[in-house]
Each structure stands twice: as C-alpha cells, then as structure tokens.
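Guided by the hints, dock chain D onto chain V, whose structure is given.
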Amino acid sequence: MYDEIREAFEQIHATEQMKQSVSEYLVQNRRKAERGTARGSFRLGLRPLVSICALLLLCAGIGNWYFWEMPVSYLSVDVNPSIELTLNRRNRVTDAESRNKEGAQVLADVQIKGKDYLEAVELLMKSKKMQPYLTRNAELTVTVASSKAEELLSGLESSPVTTHYHGLCRSADMETAASAHDCGMSLGKYQMYQLLSQYNSGLAPEECQNISMCRLYQLLAQYEGGREETVNQEELQDLQGGCSHEEGGHHHHGSSHH
Amino acid sequence: MRSEQEVEQAIESYSDMIRRICLLHLNSHEDTEDVLQEVFLKYVLHSVEFASKEHEKAWLIRVTINACKDLKRKLFRHSTVPLEVLSEEAASVMPEQMGILEIVLSLPVKYKDVIYLHYYEGYTAREIGTMLHKKENTVYSLLSRGRELLKQKLGGGRNV
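Going down the list, the sequences are from chains V and D.
Quick note, the first sequence lines up with residues 413 to 670 if you use my numbering.
Quick note, the second sequence lines up with residues 562 to 721 if you use my numbering.
For reference, chain V alone in the conformation it holds in the complex (with noise of 0.2 Å):
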C-alpha cells in the first residue's frame, strides 16, 4: 500500500504549462516587486528623515517664534502722536501700532520693525511727523511694560529720549498693558487715564485717548493741586485741541519715575 501510494503519486507532475506560466508571472511581477521594493526602501528611508525634518522644522519654528516673535516687552511713545511697539526677547521691534491718527501719520512715515528699541525710538524722534510735536512743554513719555523693565528704563534713560528730548521714562505692570489695549489705549495715556481717574475727574478712557500728554499733565496738576470738579464738555474740547505748537525747542523735564 505504501508503495502504491507512492507510485500514484509520482505519476503526478507539473506541467510545462504550468512552469513556463509561472516562469513568465514572475517575470512581470520581479519588475513590480523590484520597483515596489525600490519605492519600499525609499519610503522607509525618507520617512524617518521626513519626521526628522517635520520636528526640525517645528522646533525651529517655535525657536524662531520665541526669540523673534513671542511679546516680551510694550513700550509706548506718547506726545500726542501716541504709538506702542511690541518687543521680542532681544529688545527688537516686532509690531508697532498707533493709538490716535497723529500716531498713525508718524509711523506712516518711519520702518522701525526688526530695529532694537533705542533706534526705534529715536527715529520716531527725529521722524518729521513727530518733529512739531516736540514743543518745550510737550511732555514726551515712554512707558515700557516688561519683565526686564530696568534695563530698558536705564537704556531709555541714557538715549537722546532723555538727553535731548528730556523725556519721561515710566514703567507699568503687565496687567496694566494688559487693560491698556483692552481700552485701545497706549501705556502712557492709559496711566494718565488712572492717575485722574484718583480724583474723580469725570474722564473716559476713550476721552483720554484723544487729549494730548502735555494737556493730561496740566489737568493732573490741577488735581494734585486742589481741583475738585469734573471736567464738563466744554472743558473737554479745549483740552482735546491739544498744546499749542508754535512755542517750538524742547522742554526741559528730563525726569525718570520708576
């Protein structure tokens, strides 16, 4: 039995048919195989340098944004024209708004982006837009929020800001720049704004938005000074057509509050 199993079994064979059939589908599908092999290995090569890549790319991504665009710093320039620049971690301009339309037509007029602060303030400075407005009693503030309010305080401090223009240099809280652009207002008025808001003086942010520093400062003085009524419509208006121009030079402030 165990032979004739054996025997019917050897009488079993593969054609040549079947031979040359799968000769030629192997044939065919080598070169598949071959280039799906190709495509596999590259594929396998490429997809841990793509990852790779992908994490680089984001890593440097988020580096790029922490050192060049995460807000670090706001400082405010208020004349009247009043502008805040937002700063980066190494001290650069990476936005600059204006608050009113005088702020609006001097930054027309300047590129201060990408520039360290000390620069930037100082071509507002010297921008044409900004020149009239730098009367004897115009009362030129920065004010800087920032974690590192001291060292920009004392780089302002030795800038032609208060060497020349005899500006006043204040620094703000965070929470305080922080409801300043919820209000729409630069630092420096903003800070005005809550000075006299102290002495009941009847002034709308928005009301202090449009009044110029030196006029802000005048009306403080009166508060401080003894004044108790608030300031009615009539008031108002003077006091939003500003300082007058025409007395030209520079005053001569030049002080620094902390």
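Keeping only pairs whose Cα atoms sit at most 25 Å apart, straight-line, the calculated DSS-like set for lysine-lysine is:
no., chain 1, residue 1, chain 2, residue 2
1, D, K635, D, K603
2, D, K618, V, K431
3, D, K630, V, K431
4, V, K540, V, K513
5, V, K431, D, K603
6, V, K431, D, K635
7, D, K635, V, K444
8, D, K696, D, K673
9, D, K633, V, K431
10, D, K671, D, K695
11, V, K444, D, K603
12, V, K540, V, K525
13, V, K431, D, K614
If you are wondering where the hints come from, they were derived from the structure by calculation, not from laboratory data.
Same frame as chain V, now just chain D:
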C-alpha cells in the same frame, strides 16, 4: 530578492511537489497555476536564507498548503473529491494508480495532507507536526484514522 537562476532551479525541483499538494486541495488546473504562481512569487520575495534544502522544501510545503486554503476560502470552493482535476490526469496515469489517487483524494481534507506527507514525502509524524503546526500526537491520530479509512476503501485485506 532571489536570483532568477535560483528561482528557475526551485521551479524545476519543487513544481511537481506543489502540483501534488494542490491536487489534495484544489479542483482545477487554473487554481493550481494560481497557487504555483503565488508560492513561487513568495519564494522570490522571501529574502531569508534557508538553512538547508530540507528547510527550503518544508517552507514551500507549508506555504503551498496555506496558499491552497486561502484560495479555497477566497473562491468558496468545496473540498470535495477533485474529479475534474483527476480527469485531466487520466491520460497520463495508469488506471490502478488512478484508483488509489481517487481514494486518497476522497479522504476528508484533514487526513489528506498527513497521508501525502507521510506516505509520499516520507516525513515522520514529528516533522509533519512541525510543518503543519500540529501536535505530534494529533498527527499520529490523523495518520492512524486516515490509514483506517484507506483500508476500508481499498478493501480490508490490504496492509497499509
């Protein structure tokens, strides 16, 4: 990927064996050709070196049996007696041996592989167990029961 020469040699050496295993499971020459193609394509793409010719042969047996089962599942083919495929062999197989083949192929599918592997290929129960992922004792049982069935079909007097 294996070289063309290596593959041609394998086709020459193992096509008959694969054809015989197909006979146990499949009903037509077309299905057999499909399995032959699939098995040798896997062989081409199987880049691991075989430890020996025996290892290579056992691998091909296992792949062929799996390919047959897969094809049957795909085509919903029944594993009944493959008369159609045997009728194609009638011209080349002697009548007495054809009778034996018909009896072997009429066995339930679970016995056919072990009967073929033991009686024709000469594998032991342990080797068949390793190849088919079955316990050695299970293979012994299948062989024993398959032998009984063969005896009954061939006539009690024959010594299987």
